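Q: What follows is each chain in one-letter form.
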Amino acid sequence: MNTDEIFAPLRERPVPPLDVDLGRAMATGRRRVRVRRTVAVAGTAAFTTLAVAVGVMAGTREKPAPPSLGAPPGLSCRVSALPLPPGETQGGALAVDPSGRYAVGAVAGSEETGEQGKALLWDNGRLRVLDVPGFAPTPLAVSSTGVVVGGVTRDHRLHAWAYVGGKVVTLADDGEGATANGVNGRGDMVGVVNRPGDISHAVMWPAGRPEAVHSLSAPGVAGATAISEAGVVVGFADSRPYVWDSAFKAGRPLPALSGGSEGGVLGLAGGWVVGTSGPGDRPVVWNLARDRVEPVTAIKPAAVTTTGTLVGTSAAAGSAPPYRDASILVGGKARELPHLTERRDTDEAAGVSADGRVIVGRQATGEGAETPLLWRC
Amino acid sequence: MRAEWEREYVDYATAGMERLKRLAYTLCGDVHHASDLVQGTLVRLYERWPRVRGVEHVDAYVHKMLLRQFLAERRRPWSRIRLGATVPETPAPERADDDRPILVAALRRLPPRQRAVLVLRFLYDLPVGEVAAMLGCGEGTVKSQTSRGLATMRRLMDADQPILRS
Chain A
1 MNTDEIFAPL
11 RERPVPPLDV
21 DLGRAMATGR
31 RRVRVRRTVA
41 VAGTAAFTTL
51 AVAVGVMAGT
61 REKPAPPSLG
71 APPGLSCRVS
81 ALPLPPGETQ
91 GGALAVDPSG
101 RYAVGAVAGS
111 EETGEQGKAL
121 LWDNGRLRVL
131 DVPGFAPTPL
141 AVSSTGVVVG
151 GVTRDHRLHA
161 WAYVGGKVVT
171 LADDGEGATA
181 NGVNGRGDMV
191 GVVNRPGDIS
201 HAVMWPAGRP
211 EAVHSLSAPG
221 VAGATAISEA
231 GVVVGFADSR
241 PYVWDSAFKA
251 GRPLPALSGG
261 SEGGVLGLAG
271 GWVVGTSGPG
281 DRPVVWNLAR
291 DRVEPVTAIK
301 PAAVTTTGTL
311 VGTSAAAGSA
321 PPYRDASILV
331 GGKARELPHL
341 TERRDTDEAA
351 GVSADGRVIV
361 GRQATGEGAE
371 TPLLWRC
Chain B
1001 MRAEWEREYV
1011 DYATAGMERL
1021 KRLAYTLCGD
1031 VHHASDLVQG
1041 TLVRLYERWP
1051 RVRGVEHVDA
1061 YVHKMLLRQF
1071 LAERRRPWSR
1081 IRLGATVPET
1091 PAPERADDDR
1101 PILVAALRRL
1111 PPRQRAVLVL
1121 RFLYDLPVGE
1131 VAAMLGCGEG
1141 TVKSQTSRGL
1151 ATMRRLMDAD
1161 QPILRS
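Chains as they are written, first to last, in the numbering used here: chain A, 1 to 377; chain B, 1001 to 1166.
Same shape as in the complex, but just chain A:
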C-alpha cells in the first residue's frame, strides 16, 4: 500500500464544528498588544522594562474580588490565587485530592520558547516545585496522602512518573511510552502504556511498586483515566467509556447516550463518573450504582464529587470577555463560582474534592497572565 492510498481518504474527511471565534481572538490579541506596548515605552534598559512590567501588570489587575462576587445563593465560596514559582506568570491547577489538602498543576512547557515547564504541588496552599526531569512535566492527579502522578516527555517519548515520599520516580512501562492519569489513597496508580505496534493499554501500577505494570483486561485500544478510593477504575476501551470494578477483573462498557457508543471518561468519585458520550463528545455523568447515563447541558463538566455534584465551566462561550466562567451544577442549575478579578478572559474549574468544599482551576486574562485558583466553599 503506497502513501497516496493510505492518506487519500483522509483528505476528504469532514471536520466537525469547532468552537472558534475570530472576534474573540482579535479582542484578546488587542489587549495583549496594548499591555506590551505600555511596557515597552516605559523603559529602554532590560532591567528597567522588567521592573515596570511588573508594576504595569499589577496596576492593570483589578482588586481581589469580594468573596460574594458571583457566589450562588446557598453556596458560599471564596476564591484565592495559588502561588506560582518566582518569575512565572502562567500556570494553572489541574487536580485536587479527595480531602482537599493537596492540589497539583503546571507551568506549561513551550516548544516555541524552549521553556521546559514545571510540575507544581500545593500542600494547603504552600507551593512545592517537583523535580521532574524532561519537557512539559504535567501532574494529572494527586491522592489524599500526597502521591502525585503524571506524564512528561523525555528522550522523544512519554514517561509516566509519580512523586512518592518526597521523590520523583519513573513508572515502568514495558512499551514505547506511558502516562499516569490517576492515583487513589492506597497509592494504586492507573494510566496508559503504548506497547510496540503503538497499541495502547489500560494499566495499573500497584501501590509501592513503580516497577510492576499490570495490564487491565480490555478489548482494542484502551486506557485508564482514574481510580476511586474503592479501587474502581474508569477509562476507555475500544473507543467506548469503560469501567473495571477492580483492576484484576474484566471490565464493561459504560452505558451510552443514543446515537453512538463512543466516548471517554474524565474522572470519578464514589459511584459517579464524568465524561463524554456519543458523536460530538456530549458531556455526560454516569451513576454506577444505577448503571445510568445522563447528558449534562448546563455546564461543561470536568470533575465530580462523591455526591454527584459537577464542576467545570459554562457550557457556551460568550461573545465578549469573560468568555467562560468556572461553574458548579447545583440542583440542576449552573452557578458561577466567584471570580478573582472582574477583567478576565476565562476562568475554569478543573478539579474538586470528594465533598465539594475545595475546587481548583485557573483564570486567564487577555494580557497573557494565567493564575491557578482555589475555591473554598
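Hints may contain errors.
[As the list claims (entries may be wrong)] Between beta-carbon pairs, the in silico distance windows are: (1) D155(A) <-> R1154(B): 46 to 54 Å; (2) D174(A) <-> D1158(B): 19 to 27 Å; (3) R1048(B) <-> N287(A): 45 to 53 Å.
[Unchecked claim] From the derived model, a few chain B residues whose C-beta atoms are all more than 12 Å from chain A: (4) E1004; (5) G1054; (6) V1055; (7) E1056; (8) V1058; (9) D1059; (10) A1060; (11) A1106; (12) E1130; (13) E1139.
Just so you know, these hints were derived from the structure itself, not from any lab. Every value quoted in this text rests on a predicted model; they were computed, and no experiment measured them. By construction, the Cβ of each residue, glycine as well, lies at the ideal position given by its N, Cα and C atoms.
Fit chain B to the known structure of chain A by using the hints.
A: Just chain B, lined up with the frame of chain A:
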C-alpha cells in the same frame, strides 16, 4: 494595529480558517482540543501580524505556530479524554468501503510528533526540509519518524482491516 493591517488579518484568518481547523482536528482528533489550538493560534497571529504579514510564506508560519502549540502537549482535562481513543465523526453518508475510521484510528495511535510528520508530509504534501523547519528538528529525524510512522500505520491497518470489514 493599523486599520489596513487589521483588515488584512481578518481577510487572511477568514480565508485560512477552514485549513487551520482541518490541520488542528487532524492532528489531535478532539473537538475541544482542536478548538483551543485554533483559537490560541489566531490570538498569537493577531499579536504578531505586523511582522508576520511581511514574511514570504505566511501559511507555513501560521501552521508552525499551531504545530508547536500541539506538540507542547499542554494536557488539560478535555485534551486527555481521548488519549489513544478513536475520533468521533460527524454523521455523514459514508461509502461502504470507507477506510477513514481505520485510518483515523491508526493515525491516533501514533505518538504526537510522528503523527505531525505524517500529516505534514502526506496530507499537506510538504517536502522533508520544510517539515524539519516547521518542527524545529533535522531532516534525518523527519525521515526516521516518517519511516517509523508509516510502518506502524501499515501494520495497524493490516491488522484492523480484515476485522472491520468482515
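Q: Broken hints, numbered, in rising order?
A: 1, 11
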